[in-house]
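Visitor: Each chain is listed here by its residues.
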Amino acid sequence: MNKSVKEFEGGISLFKLKIMKVGLFIPCYVEQFYPNVGIATLELLEKLGLEVGYPLDQTCCGQPMANSGCENESVVTTKLFIDNFKDFDYIVSPSGSCVLHIKEHGHLDNVYELCEFLTDVIKVENFEFEFPYKVGLHVSCHGQRGLGLAQSSEIVGQDFSKMRVLLDKIKGLDLIELERKDECCGFGGTFAVAEEAVSVKMGKDRVEDHLKNKAEILTGGDMSCLMHMEGLINRQGNPLKVMHIAEILNLAK
Amino acid sequence: MNHPKAAEIFNKDEAKTEWHDKALWFVRKKRDIATHGIPEWEELREKASAIKANVLSNLDNYLIEFEKNAQANGIQVHWAKNGEEHNRIVHEILKSKCVKKLVKSKSMLTEECHLNPYLEKNSIEVIDTDLGERIVQLAKEPPSHIVLPAIHKRKEEVGEIFHEHIGTEKGASDPQYLTTSARNHLREKFLKAEAAITGVNFAIAETGGVVVCTNEGNADLGVNITPLHIACMGVEKIIPQLKHLGVFLRVLARSATGQAITTYSSHFQKPKPGSEMHIVIVDNGRSEQLGREDFRKSLNCIRCGACMNTCPVYRRSGGHSYGYTVPGPIGSILSPGKDLKEHSTLPFASSLCGSCSAVCPVKIDIHTQLYKWRQIIAEEGHLASSKKVGMKVMGYVFTKPKLYRILGKVARNSLSVLPRFMIYNKFNVWGKARELPKPPKESFRDWYLKNRSKN
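Line by line, the protein sequences are chains A and B.
Here the numbering used here is used: the first residue of the first sequence is 919, the next is one more, and so on.
Here the numbering used here is used: the first residue of the second sequence is 8, the next is one more, and so on.
Don't read these hints as lab results, they were simulated from the structure.
Every residue gets a Cβ at the ideal spot worked out from N, C-alpha and C, and that includes glycine.
You may find that some hints are simply not true.
Unchecked claim - Residues from chain A that face chain B, not an exhaustive set, calculated with beta carbons under 10 Å:
1. Asn-1044
2. Phe-1047
3. Phe-1049
4. Cys-1102
5. Leu-1158
What the hints assert, rightly or not - Derived DSBU-like pairs: lysine-lysine, alpha-carbon spacing no greater than 35 Å straight-line:
6. A:Lys-1087 <-> A:Lys-1159
7. B:Lys-370 <-> B:Lys-407
8. B:Lys-128 <-> A:Lys-1089
9. B:Lys-457 <-> A:Lys-1004
10. A:Lys-1087 <-> B:Lys-102
11. B:Lys-445 <-> A:Lys-997
12. B:Lys-12 <-> B:Lys-399
Said to hold, decoys possible - Label pairs and their calculated CB-CB ranges:
13. A:Gln-1076 <-> B:Glu-163: 40 to 50 Å
14. B:Arg-194 <-> A:Gln-1154: 19 to 29 Å
15. B:Glu-449 <-> A:Ile-937: 25 to 35 Å
16. A:Glu-1043 <-> B:Asn-458: 43 to 53 Å
17. B:Glu-163 <-> A:Leu-1026: 28 to 38 Å
18. A:Lys-1159 <-> B:Glu-163: 51 to 61 Å
19. B:Gly-438 <-> A:Gly-967: 35 to 45 Å
20. A:Leu-1026 <-> B:Gly-253: 36 to 46 Å
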C-alpha cells in the first residue's frame, strides 16, 4: 500500500505522518459486537505508518439519545468523548453516522470517517492485493448526505464517491451497480425498533437489490446499517456475506 | 392511531406495500431525469429558497400589497384566521348567490379546513374535479398524497369505486375506459355547477392575480363555466413579482411529477364580465409557525410532494398512516405545530436519512426540523415512558465507562449462553425479523489491551 508523499501536490509528508497523533474512535456497538471491524481499522491505519492511540475510556458519541429527542441526556456523553480525544490531531472512526454526530453536536472539525481520512488526508494511492468478488456497496445516509462522502442521487452535480475511489483501487474487485444506489436501509437507530415494520421492509428491499444484482459481498462504511441488514440476511439465510469496508481494505499488505 | 401502528397494518400486505413503493419511486425517478436535465437546477433551488425567505420576512407587506392590487382588479378579498372562519366565509359567499352545486379543483387548503363536509352539511353539493380527488371523494377517504391523492388505489380498486358510483362495468379496470367514464361523469357535473372553488399555487403581490397549476384543466373549466370563482389560499402562497413565477413553475412541475411544466398554469387576474371572483386568505396556524424560528422555513413549501415520493418511510407506510392532511416528511414538520401530542409520533416516522431535504426544491431543512421537533416532543413529555426512561438510563451508562463495559460484557455473555427462546421473544422487537449480531468472545477494548497496550 502506498501513500502520497508529494506534499506540494496536496499530499502529506512522511514526516508529518509520523508526528501526527491519530485517535481511534470505535463506536460503542462496534466495540462490543464487532471487534473485528475495530481491529481492521487499527491495523489498516498502522500499515499506513500512522501512530494510532485508542483512548480506553471511550463509550458512545451520544447519538442514540439525541436522535430519540433526549439531547439533554447526551450532553455529558458527548463531553466525555471530547475529553477522551482532546490530545489527538485527528480522530478517525469506521462510522460515518457517529462521526457526523460528533461533528454536529461536539463541534469538532478534526474528526474523520475512515474512508474520507484515507482519501482526503492520507491520500492513499493504491492497495496491493486482489479481491476477486462481486461487491455491493451500501452508502450510509449520514456518511453520504451528512458528511458528503458521495454525491447524492437527488442533487444535480458531478458524481463522486470516496468509498468507490478506494474500492476501485483493489484488483479484481467488481463493484456492482444497484437499482437504487443510495436509498436508506432503514436502520436509523431507535427507528429500527420504534418503526419496526417499515424498518424491516426497508432493509429487506435494500438486501434484495444487492442480491438481484448478484453481489457476493455487501460492504459499507457504517456497521450499524450493516448490522441491520446482516440481521435480515442471517434470518433469511441468504448467501450474501457482510464485511465492513475496513475489513476489505485491511486485506492490503 | 399512531404512525408505527398504522404503518405496521399497511405492511401486512407486503405485495401492496411493494407496489406502492414502486409506484412512488417511479415518480421520484422521473423527477431525477427532469432535474438532472437542467444544469442550473441547484441554482434554481437556491433562488426559490431565497425568494421564499424574502417573502417570509416581509409577509405582512406583501399580503397588503396583494390585497390592494387584487381589489383594484375587482376581486373581493377575505381574511380567515382559521379553518372555521374560512369555511364560514366560503359558505356565506355561496349562500349570497344561492349556490347549491359547485365544482372544486384540487386544493390542499380546503382539505386542511375540512370544507367539503362543512358545505355538505349545509346542503351544498361539492364535486372534486381532479381525477384523483374524485376517486378518494367517492371512496369517502382523505387524499393520501398532496399531488397524487389516490396513489394508494390500484386500478382494480378504482374500477370497483367507479362501478359503484358512476356506473362503469363491473370488473372493468382499463385506465383508458375508467378515465373516459370519469371525464363524462365530471362533464355533467361541470355543466350543472353554479360556482367553482380552486386552490392557489402562487399569489403575485405585484399584480394581485393568482396562478393555479393543474394537469387536467379542471380549474380553468370550472372557473370559466360558472359565474362565481372562489380561490382559497394560505398566507404563504405569496410571491413578490411576476418575474419570480418562472423560478417556481420550473421547480414545481419537475419536483412534483418530472414534467418540465404542468399542463395548465392558469392565471386568474380578475373576474370575467358578469362574474364575481373572491379570494379567501387563510392563516390557520401559519403565523404561529412563522414565529417559530427553527420551523418557519417549513412555510417555504410549494406542495410539490417530492419529499413524499423520495421518503422510504412514506413509500412503505402510505399517506393515511400519518393521520394528517399533509402526510410524509413535510407533514411531519407541519403537524406538530398544530397539535404536538396528537402528532407526536410523526417526527419519529423517519430514519433521518435526509433525502427529503436533498430533494426539496425550496430547500427546507426537513430532516433537521424533524430532529428539532423530536426534542420538543420529549421536553413536553410526549415520549412513551419506556423510551424516556430507557434514554435516561443509556445517557447515564454512557457517562460511566466502567459501568458501560460491565453491562456490555453482561449483554455479550447473555447472548452467548441464553437459550434462543429467552432471547427471541415478544419483548425483543429487533428480533422479530432480524437476528442479533453474534456475540464475540471479547470486546475491541479487551483485544486492544491484550495486543497493543503498553502497560
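Visitor: Measuring from the C-beta of Asn-1044 (chain A) to each C-beta in chain B, is the shortest one below 10 Å?
Guide: 27 Å, violated
Visitor: Given the hint that Lys-370 (chain B) pairs with Lys-407 (chain B), does the C-alpha gap stay at or below 35 Å?
Guide: 40 Å, violated
Visitor: For a C-alpha distance cap of 35 Å, please report whether Lys-128 (chain B) and Lys-1089 (chain A) respect it.
Guide: With Cα atoms ~72 Å apart, Lys-128 (chain B) and Lys-1089 (chain A) exceed 35 Å; violated.
Visitor: Between Gln-1076 (chain A) and Glu-163 (chain B), does the beta-carbon spacing fit 40 to 50 Å?
Guide: About 44 Å separates the Cβ atoms of Gln-1076 (chain A) and Glu-163 (chain B), which means 40 to 50 Å holds.
Visitor: Does the alpha-carbon distance linking Lys-457 (chain B) and Lys-1004 (chain A) stay inside the 35 Å limit?
Guide: 24 Å, holds
Visitor: For the hint on Cys-1102 (chain A), does the least C-beta distance to chain B fall short of 10 Å?
Guide: 4 Å, holds
Visitor: Can you confirm whether the C-alpha distance between Lys-445 (chain B) and Lys-997 (chain A) stays at or below 35 Å?
Guide: 31 Å, holds
Visitor: Under 10 Å, Cβ to Cβ, is where Phe-1047 (chain A) needs to be relative to chain B, so tell me if that hint holds or is violated.
Guide: Given a least distance of 22 Å, the restraint on Phe-1047 (chain A) is violated.
Visitor: Under the criterion that the straight-line Cα-Cα distance not exceed 35 Å, is the pair Lys-1087 (chain A), Lys-1159 (chain A) satisfied?
Guide: Given pair Lys-1087 (chain A), Lys-1159 (chain A) holds - Cα atoms ~21 Å apart, limit 35 Å.
Visitor: Could you check the hint for me, namely that Glu-449 (chain B) and Ile-937 (chain A) are 25 to 35 Å apart, CB to CB?
Guide: The hint (25 to 35 Å, Cβ to Cβ) holds, given that Glu-449 (chain B) and Ile-937 (chain A) are roughly 32 Å apart.
Visitor: Between the alpha carbons of Lys-1087 (chain A) and Lys-102 (chain B), is the straight-line distance 35 Å or under?
Guide: 74 Å, violated
Visitor: Do the beta carbons of Gly-438 (chain B) and Gly-967 (chain A) sit within 35 to 45 Å of each other?
Guide: Between Gly-438 (chain B) and Gly-967 (chain A), where Cβ atoms are some 43 Å apart, the hint holds.
When each numbered hint is compared with the structure, violations occur for hints 1, 2, 3, 5, 7, 8, 10, 14, 16, 17 and 18.
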